[in-house]
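What follows is the residue order along each chain.
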Amino acid sequence: MDNSQNHAPYAQLIVDETRYETKLTAKYKNRKRFEPKNEGQVRAFIPGIIKKIFVRQDQKVSENQPLFILEAMKMENTVHAPKKGVVKGIFVEIDQMVTKNQLLLELE
Amino acid sequence: MLHYSNAESNPSLNLELMQIKEKILDFFTRKNKATSGGGAKAIEKQKAMGKMTARDRINALLDPGSFAEYDLFVAHSCKDFGMESKELPADGVITGTGTIGGKPVCIFAQDFTVAGGSLGLAHARKITKIMDHAIKLKMPLIGINDSGGARIQEGVNSLAGYGEIFYRNTQASGLIPQISVILGPCAGGAVYSPALTDFVFVVDKISKMFITGPEVIKTVLGEEISMEDLGGARVHTAITGNAHFFAHTEMECFDMIKKLMSYIPWNNVEKAPSVKPAPPKSNYDIAKIVPADPRKPYDVRHVVKAICDDSEFFEVQADFAQNIVVGFARLNGETIGVVGNQPLVLAGVLDVDASDKLARFVRYCDAFNIPLVTFVDLPGYLPGVDQEHMGVIRHGAKILYSYSEATVPKITVILRKAYGGGYIAMCSRHLGADFVYAWPTAEIAVMGAEGAANIIFRKEIMEADDPEEMRKKKVEEYKEKFANPYVAASNGHIDAVITPDETRNLLIHALQVSKQKEEIHFNKKHGVSPF
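So the sequences go chain by chain: A and B.
First residue of the first sequence? That's -11 in our numbering, and the numbers climb one at a time after it.
First residue of the second sequence? That's 32 in our numbering, and the numbers climb one at a time after it.
Hints are computed from structural coordinates only; laboratory data are not their basis.
For every residue, glycine included, the Cβ atom is placed at its ideal position computed from N, Cα and C.
Some clues are possibly wrong.
Said to hold, decoys possible - Calculated cross-link-like contacts (lysine-lysine; reagent style BS3-like; alpha-carbon spacing at most 25 Å):
no.: 1; chain 1: A; residue 1: K15; chain 2: B; residue 2: K249
no.: 2; chain 1: B; residue 1: K327; chain 2: B; residue 2: K160
no.: 3; chain 1: B; residue 1: K327; chain 2: A; residue 2: K15
no.: 4; chain 1: B; residue 1: K249; chain 2: A; residue 2: K40
no.: 5; chain 1: A; residue 1: K11; chain 2: B; residue 2: K327
no.: 6; chain 1: A; residue 1: K15; chain 2: A; residue 2: K25
no.: 7; chain 1: A; residue 1: K39; chain 2: B; residue 2: K160
no.: 8; chain 1: B; residue 1: K64; chain 2: B; residue 2: K160
What the hints assert, rightly or not - Counterexamples of contact, computed for chain A against chain B with all Cβ distances above 12 Å:
no.: 9; residue: G28
no.: 10; residue: K40
no.: 11; residue: E64
no.: 12; residue: I82
Stated by the list, open to error - If you anchor each label on the Cβ, the simulated ranges turn out as follows:
no.: 13; chain 1: A; residue 1: G77; chain 2: B; residue 2: G205; range: 55 to 63 Å
no.: 14; chain 1: B; residue 1: F104; chain 2: A; residue 2: K39; range: 51 to 59 Å
no.: 15; chain 1: B; residue 1: V300; chain 2: A; residue 2: A14; range: 37 to 45 Å
no.: 16; chain 1: A; residue 1: P24; chain 2: B; residue 2: P304; range: 32 to 40 Å
no.: 17; chain 1: B; residue 1: G463; chain 2: A; residue 2: F22; range: 46 to 54 Å
no.: 18; chain 1: A; residue 1: P24; chain 2: B; residue 2: M258; range: 30 to 38 Å
no.: 19; chain 1: A; residue 1: K62; chain 2: B; residue 2: I55; range: 53 to 61 Å
no.: 20; chain 1: A; residue 1: K25; chain 2: B; residue 2: L206; range: 47 to 55 Å
no.: 21; chain 1: B; residue 1: S97; chain 2: A; residue 2: F22; range: 51 to 59 Å
no.: 22; chain 1: A; residue 1: G77; chain 2: B; residue 2: M258; range: 54 to 62 Å
no.: 23; chain 1: A; residue 1: P24; chain 2: B; residue 2: G463; range: 54 to 62 Å
no.: 24; chain 1: B; residue 1: E75; chain 2: A; residue 2: K39; range: 24 to 32 Å
no.: 25; chain 1: A; residue 1: A14; chain 2: B; residue 2: P304; range: 34 to 42 Å
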């Protein structure tokens, strides 16, 4: 009872530069941290299956050039290059199932 | 029993009596068949899953012997896929009226033992009929959901059935209490009827709610998840907020429903039932619950219990967005809706989920004539990219909207911090509160002393020989001047500074004098609330 003060089960939450002693919720702890978008990384915008790959390693691509066919929800979606560059890495194979936001390709 | 003294001597009358008897026997045969559900095997299976049968559920929830059934002999008219030869007792749903605590209710219970409780047009029309009845006769509607979903064989007709139910849920909203009890699967379109009702009850390991099930998610998205983790009782009470009450067993769930119904009025023109007033229990010492230091946590529910009748607080959505507390209690025997920031969790900040929870509860209370008492102690809104991107602006606006719109008596007690936007949102005078009280520990200010001093005295702090020392000095200066209720009191933003001890009596007084409260309504269909 007495040393509960020393071992208080509380975390801290800062609001307007004031530190509050409080409990945190699981939802708060599991919240998604913001990550700035990396223009060179091409990620799956929807979970699905890679049906076609149009480019090779070290290939030069122009902006909007088709990179993959990603089949999802019975639709064939084309994944385009977000900018012009050179293919630095391809991280998926044909018929591979990918989750949302999975890294597919990296441009330099 | 029928008895005619001359029956023996009158052959034609004798024949007639025989015919009546035969018809009555035939009726009992039919009734027995229709009430037997999906048969012994299916019932055994239902029980093996730890579930009660639909009829047992109705009987357990309603006053004993009070259930009167409707539409027992309703049959489907589907002629496709071999359905023409299938008899479905009661078409898989039991409907009727009965009483809870001696007062009338309408009820339906889907029967999972009959074709998986699947919903076809006849099944749906039984439900809409009892809903119409509840609306017309102004009594609560309780729906027990235990269904595999649409009866696929009936095609678009089962979709029509769902649509007709949703329409009535919406028409009935704010007119009569609607309570949904999820006692089995409730998937796909079926989830939207409960979602449109006032309160959703779930039971551990029995309730399952989702739009698309684990199998579809696995095939389409490649994500593997169990039914329990996707849409079990805990998920909906703690994570999604779709359900309001969690029970460990069906019987506990029925007790909770009865308890809830003891707090609420039977329709939107009635008042909640009064009970015998009772003082709070002596084990809650109101003067000792709230620490003076605004950074220290405490459980706001103890404040509620220290003030309300018999120290009883019936919490709604207890596991969801725990940084805000909402629920029912009584003052002097009369039901109140309680809202309180919870400094124990996330320092009591408002966020997306808390806003949603609070606003919905306030709207419920307003629709059903339940006065609102709000206990305030919050540092403001939760900072963070995720909150901003989830739309904390439009969600937070729900709080402003619901409080401003509410015309029931609104009483606010500022226990400690009331900073910035949080102060405005928590039923301030500016949003139409009828009474605003503040404890001497209240700090009504634009923000906490640390933040404010750093902004206002930035230059002095930066230019000082010892910035840290100057900062401390300025924080103290700000605290001295603004961290109290008296600036707000001097502007009439609060009505009175009161001690914790006199809070209960003043709240009872405030409720008594606002009984005749009337507000002018503008002539409009409805507002455009930030849903």
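For each hint, the structure was consulted:
{"no.": "1", "hint": "K15/A with K249/B", "in the structure": "holds, 24 Å"}
{"no.": "2", "hint": "K327/B with K160/B", "in the structure": "violated, 54 Å"}
{"no.": "3", "hint": "K327/B with K15/A", "in the structure": "holds, 22 Å"}
{"no.": "4", "hint": "K249/B with K40/A", "in the structure": "holds, 22 Å"}
{"no.": "5", "hint": "K11/A with K327/B", "in the structure": "holds, 11 Å"}
{"no.": "6", "hint": "K15/A with K25/A", "in the structure": "holds, 24 Å"}
{"no.": "7", "hint": "K39/A with K160/B", "in the structure": "violated, 51 Å"}
{"no.": "8", "hint": "K64/B with K160/B", "in the structure": "holds, 23 Å"}
{"no.": "9", "hint": "G28", "in the structure": "holds, 22 Å"}
{"no.": "10", "hint": "K40", "in the structure": "holds, 18 Å"}
{"no.": "11", "hint": "E64", "in the structure": "holds, 15 Å"}
{"no.": "12", "hint": "I82", "in the structure": "holds, 16 Å"}
{"no.": "13", "hint": "G77/A with G205/B: 55 to 63 Å", "in the structure": "holds, 57 Å"}
{"no.": "14", "hint": "F104/B with K39/A: 51 to 59 Å", "in the structure": "holds, 54 Å"}
{"no.": "15", "hint": "V300/B with A14/A: 37 to 45 Å", "in the structure": "holds, 42 Å"}
{"no.": "16", "hint": "P24/A with P304/B: 32 to 40 Å", "in the structure": "violated, 57 Å"}
{"no.": "17", "hint": "G463/B with F22/A: 46 to 54 Å", "in the structure": "violated, 37 Å"}
{"no.": "18", "hint": "P24/A with M258/B: 30 to 38 Å", "in the structure": "holds, 37 Å"}
{"no.": "19", "hint": "K62/A with I55/B: 53 to 61 Å", "in the structure": "holds, 58 Å"}
{"no.": "20", "hint": "K25/A with L206/B: 47 to 55 Å", "in the structure": "holds, 48 Å"}
{"no.": "21", "hint": "S97/B with F22/A: 51 to 59 Å", "in the structure": "holds, 56 Å"}
{"no.": "22", "hint": "G77/A with M258/B: 54 to 62 Å", "in the structure": "violated, 38 Å"}
{"no.": "23", "hint": "P24/A with G463/B: 54 to 62 Å", "in the structure": "violated, 42 Å"}
{"no.": "24", "hint": "E75/B with K39/A: 24 to 32 Å", "in the structure": "violated, 48 Å"}
{"no.": "25", "hint": "A14/A with P304/B: 34 to 42 Å", "in the structure": "holds, 37 Å"}
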